[in-house]
Amino acid sequence: MSCSLLDLKAYAVGELAEREKSTVDDHVRGCENCREELDRLRLTWSALASLQDEEIPRRIAFVSDQVFEPRWWQTIWRSGPAMGFASASLLAAAIVAHGFLGYGFPGHGFAHPAATATGAQLDTAQIERRMEAGVNARVDAAVAQAVSAAQAKQSAEFARLLKATEHQRQMDLADFEQASEYYEKQMHRFEVASNEGPAQ
Amino acid sequence: MIFREVEDRDLIAKARRGHVDAYNVLVSRWEKRIFNYLLRLVRQREDALDLSQDVFLKAYQNIKKLDDPAKFPAWLFRIAHNEAYSLLRKNRPEGELTAVPEAATGLFPIEMTLAVRGALDRLSDDHREAVLLKVYQGFKFEEMAEILACPVSTVKSRLYTALDLLKQTLAPVNIGGAE
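Chains as they are written, first to last, in the numbering used here: chain A, 1 to 200; chain B, 1 to 179.
Below, simulated DSSO-like cross-link-like pairs (lysine-lysine); rule was C-alpha separation at most 30 Å, straight line:
#: 1; chain 1: B; residue 1: K140; chain 2: B; residue 2: K58
#: 2; chain 1: A; residue 1: K153; chain 2: B; residue 2: K32
#: 3; chain 1: B; residue 1: K58; chain 2: B; residue 2: K14
#: 4; chain 1: A; residue 1: K21; chain 2: B; residue 2: K140
#: 5; chain 1: B; residue 1: K71; chain 2: A; residue 2: K21
#: 6; chain 1: B; residue 1: K58; chain 2: B; residue 2: K71
#: 7; chain 1: A; residue 1: K21; chain 2: B; residue 2: K156
Since the hints were derived computationally from the structure, they do not count as laboratory data.
Using the sequences provided together with the hints, build the complete structure.
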């Protein structure tokens, strides 16, 4: 095959199918010019590939971005306590409905409608109170957890800064001592030189 | 790799339904690649960082327009390309630089890194971007054509010209012993 018909660059960048690659391999074995050209392309690719990716200096922020905050209905939908409240309300409604429907079937031993309604109201009130207590407990726990996490993070950051400051102080002290020693030596040399000067 | 693709697809599906958490995971997976692509294209760290932020914001706002989750990488890089070129056009309307070959032979790793960066910097924006998408992001010609919104023939032409220019610097003729 003629050299001009071969796409060595496509070969080098991995865009050739297996069959086309075999054709190039066969040709390159017997063609010094194409072999050298392919070597240079591979060398170029290797040099380019040696360039490492850099770490991103700071993460892309989204959670705190207003644009990404969920809509009100999404917030409710994803809220555990709110969903719990909704479920309990549904349950209470079902109990009330069951009480009224049950009265319509004689012989089932249901209580007087007035008593049933009162009972249902009591049940609903109790459930709501329990629900509220449960929600409050969960919110308190979540808040306490968030506060303690923030405090722990702050303490860790403070400790880190303190350690870094202490390290820097030690380094500065060492530099200062080294400089002092150097200047003392220099002063000593000057003194020796000045003492020797008049003698000559 | 297969698992990773499936996971990305799931995350995209969730993000389309408004799950910010799922989108944040996607961001954490792709931010480094997008940042490095933009950094090598616009060559200014702060610009690259700002553009990365804009890219992920626009991607989130438009994710419902992405019909095929498998095309997410090319779609995301298309947004990044548009953002980068808006900036490049604003900063440097002419945008074309002439490649000046300098041999990069027998170099230590740090020198090689500098030589590669220098060689890439001397390319025009179009040529450099073709190299970035192929060498560093591993896109196929068809995907590159989608990202750059141009024919495959143009993609090949840009990449091949760029390789010829880079070859003069990074693999001069005497390296292969041809002279």
